[in-house]
Amino acid sequence: MSSSLELSELVEEATETPDGRRLGVLFWVCVGWLALNLLAALLANVLPLPNPLTQNYNVINAGPSLHHLFGTDDLGRDIFSRVVFGSRVSIEAGLGSMVIGFGVGAPLGMLAAYRRGRLDQVLTVVMYVVLAFPAIIATIAILSFWTPRTLLKIVIVIGVAAIPLVYRVIRTATLAVATQDFVVAAKVQGASDTRILVRELLPNVAPIAVSFLLIGVATVVTLEGSLAFLGLSVAPPTPSWGNMINESRTILQLNPWLALFPAAAMCLFLLALNFIGDRLRTHFDVSEGKL
Amino acid sequence: MARYLARRLITLVGIVIIISIGAFYLIHLLPGDPATVILGTGDSPQNRARLYAQLGLNRPVIEQYFVWMKNILHGNLGTSFISQVPVWTTIRAALPIDLEMIVLSQILSFAVAVPLAMSSAKRPDSWLDRFLGAFSFTMLSIPAFILVVVLVLVVAIKWAVPHTGVSSYVPLSQDWVTNLESMALPSIVLAIGSVTVYYRVLRSDLIATLQQEYITLARSKGISQRRILWRHALRPSSVALLGTAGVNIGGLLAGGFIVQYLLDIPGLGYTLVNSIGLSDYLVVQGIVLVVSIGVIVINFVFDFLITLVDPRIARE
Numbered sequence: 001m002s003s004s005l006e007l008s009e010l011v012e013e014a015t016e017t018p019d020g021r022r023l024g025v026l027f028w029v030c031v032g033w034l035a036l037n038l039l040a041a042l043l044a045n046v047l048p049l050p051n052p053l054t055q056n057y058n059v060i061n062a063g064p065s066l067h068h069l070f071g072t073d074d075l076g077r078d079i080f081s082r083v084v085f086g087s088r089v090s091i092e093a094g095l096g097s098m099v100i101g102f103g104v105g106a107p108l109g110m111l112a113a114y115r116r117g118r119l120d121q122v123l124t125v126v127m128y129v130v131l132a133f134p135a136i137i138a139t140i141a142i143l144s145f146w147t148p149r150t151l152l153k154i155v156i157v158i159g160v161a162a163i164p165l166v167y168r169v170i171r172t173a174t175l176a177v178a179t180q181d182f183v184v185a186a187k188v189q190g191a192s193d194t195r196i197l198v199r200e201l202l203p204n205v206a207p208i209a210v211s212f213l214l215i216g217v218a219t220v221v222t223l224e225g226s227l228a229f230l231g232l233s234v235a236p237p238t239p240s241w242g243n244m245i246n247e248s249r250t251i252l253q254l255n256p257w258l259a260l261f262p263a264a265a266m267c268l269f270l271l272a273l274n275f276i277g278d279r280l281r282t283h284f285d286v287s288e289g290k291l
Numbered sequence: 292m293a294r295y296l297a298r299r300l301i302t303l304v305g306i307v308i309i310i311s312i313g314a315f316y317l318i319h320l321l322p323g324d325p326a327t328v329i330l331g332t333g334d335s336p337q338n339r340a341r342l343y344a345q346l347g348l349n350r351p352v353i354e355q356y357f358v359w360m361k362n363i364l365h366g367n368l369g370t371s372f373i374s375q376v377p378v379w380t381t382i383r384a385a386l387p388i389d390l391e392m393i394v395l396s397q398i399l400s401f402a403v404a405v406p407l408a409m410s411s412a413k414r415p416d417s418w419l420d421r422f423l424g425a426f427s428f429t430m431l432s433i434p435a436f437i438l439v440v441v442l443v444l445v446v447a448i449k450w451a452v453p454h455t456g457v458s459s460y461v462p463l464s465q466d467w468v469t470n471l472e473s474m475a476l477p478s479i480v481l482a483i484g485s486v487t488v489y490y491r492v493l494r495s496d497l498i499a500t501l502q503q504e505y506i507t508l509a510r511s512k513g514i515s516q517r518r519i520l521w522r523h524a525l526r527p528s529s530v531a532l533l534g535t536a537g538v539n540i541g542g543l544l545a546g547g548f549i550v551q552y553l554l555d556i557p558g559l560g561y562t563l564v565n566s567i568g569l570s571d572y573l574v575v576q577g578i579v580l581v582v583s584i585g586v587i588v589i590n591f592v593f594d595f596l597i598t599l600v601d602p603r604i605a606r607e
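Going line by line, the protein sequences match chains A and B. Everything in the first sequence is counted per the numbering used here, starting at 1 for the first residue and increasing by one. Everything in the second sequence is counted per the numbering used here, starting at 292 for the first residue and increasing by one.
Check the hints yourself; a few may be wrong.
Stated by the list, open to error - These stretches of chain B come out as covered by chain A in the derived footprint (C-beta under 8 Å, 3 or more residues):
#1 422-433
#2 564-573
Said to hold, decoys possible - Now the in silico label distances, taken between C-beta atoms and shown as ranges:
#3 61/A with 569/B: 25 to 35 Å
#4 360/B with 203/A: 47 to 57 Å
#5 51/A with 344/B: 47 to 57 Å
#6 300/B with 122/A: 22 to 32 Å
#7 118/A with 603/B: 24 to 34 Å
#8 42/A with 299/B: 45 to 55 Å
Read the hints as simulated data drawn from the structure, not as lab findings. In this text, a Cβ means the ideal position worked out from N, Cα and C, and glycines have one as well.
The task is simple: from the sequences and hints, build the whole structure.
In structure tokens:
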């Protein structure tokens with residue numbers, strides 16, 4: 001969960017407007033919503049929530065009430081508590097696989113764009129070959145054979161699949177910066193490669209990386225939800241948004257709340273991620289008609 | 292043009308070979324002895340001998356690949372040890388359903404997305420454009436499976452439409468009315484995802500094209516807005532659209548499984564999910580191979596379509 005702290009720091013850093021252009025109220029509403037989600041997931045154990053696994057056969061398929069904010073499911077478990085605890089799976093899957101994707105893809109992309117030459121050629125060809133695999137099918141295939149399934153394996157498979165995508169985005173972003181005068185100037189002054197990469201290139205690539213990271217997390221959360229549907233994600237009774245929506249399928253007409261609350265939680269979470277990512281991208285995109 | 296396509300074709304063959312290696316290696320991810328896991332309860336000496344012949348399991352790994360590959364090139368993907376049906380027969384029965392679903396959803400998507408993108412691009416920043424922009428952005432964030440659940444909820448509860456199960460699925464050739472009835476909901480769900488993507492891509496390209504000088508010239512000659520949009524602006528604006536459609540349709544073939552699974556449409560995706568549940572590994576492997584190659588071929592076809600729309604791309 002330490003990665004979520006880094007994330008919010010990065011977001012803060014990235015949103016310091018260079019030329020005073022406003023990000024808008026909706027942007028900050030989305031940031032607030034994400035922060036609330038992260039905080040709730042982080043503190044779920046401390047919050048006064050009923051145990052998400054406790055079954056209470058006296059209140060089955062109850063609608064929302066003061067006692068059960070979102071109602072209860074077919075086993076009498078509290079839906080609100082399950083939605084909060086369920087967010088952990090989505091957030092862990094999203095952040096975990098992006099840590100792998102960016103941890104490997106971003107340094108390689110920056111290095112390839114800075115050094116060019118043979119290294120760049122070899123890396124780019126390898127990445128394009130990996131990218132040619134239909135990622136969804138490859139993920140399903142690997143997870144259906146690589147048993148028993150754990151969240152860690154899911155994170156590894158999706159994270160590795162994300163590496164070439166991250167590589168491509170970061171490489172393109174670095175290429176645009178690497179030829180600029182201030183980089184050449186640093187080189188002429190005798191700055192080391194490491195120094196140029198970290199002090200000159202990284203700050204310029206970071207905003208693009210953050211916006212791509214957020215959209216990447218949204219994509220992974222969707223993917224994990226889809227995998228849960230196929231029974232390829234964390235096994236029940238562990239609550240996850242995907243599991244909850246899947247469990248609701250058979251009793252959809254009897255208890256629509258069971259599907260609606262996790263679905264709404266997931267959609268709002270994704271919407272916030274996509275909106276922030278999109279805003280940041282247009283905000284820092286100098287190439288798009290701003291010059 | 293011929294040289295460009297030849298080069299693309301060589302890349303295609305290379306990628307298909309790499310995919311086949313990946314699909315072959317899947318069974319070695321299984322924990323323990325792959326033969327025992329694949330045979331499951333059907334572990335008899337005869338079945339074991341048949342599986343060994345199919346996969347060459349007693350030979351070195353590299354030889355195993357060539358045995359497997361040789362069988363596949365002869366149209367033999369193995370026989371399921373659970374249903375006792377050849378894998379290829381299962382795939383051949385399911386594949387047309389996927390193709391029908393994709394064709395229907397794409398006809399729907401283009402019929403909706405192109406006029407919408409045009410009406411947006413005609414007057415950027417108008418209330419219609421802003422509304423469509425916000426709406427499509429929201430739709431983009433809603434995963435397909437949530438859309439299906441909500442639609443099923445609305446359709447089933449509000450209009451009391453009976454839920455058609457697999458047993459009631461009727462092939463297109465047998466009774467097209469019943470068939471289209473059961474294909475309507477899945478096609479619409481897939482189309483909603485495609486429309487939002489196509490609309491956004493085509494809108495921004497159309498706006499860029501409409502600022503070109505030859506459009507101003509066409510306007511000054513008094514050509515109608517409708518003719519300018521359809522005959523002058525659409526073709527040069529559709530390169531990115533076709534590229535997106537290629538990737539998207541590949542994604543539909545790979546990702547349509549959720550819609551099929553939820554709505555009981557017995558296509559490849561449905562079969563895949565069922566086979567995973569039954570641990571029918573040879574069927575899973577066969578579907579993975581066929582779908583992966585299908586996605587690559589679809590991308591290749593759309594690359595070719597792009598060179599037809601804009602031949603300059605092939606000359607570079």
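Violated hints - listed by number, lowest first: none
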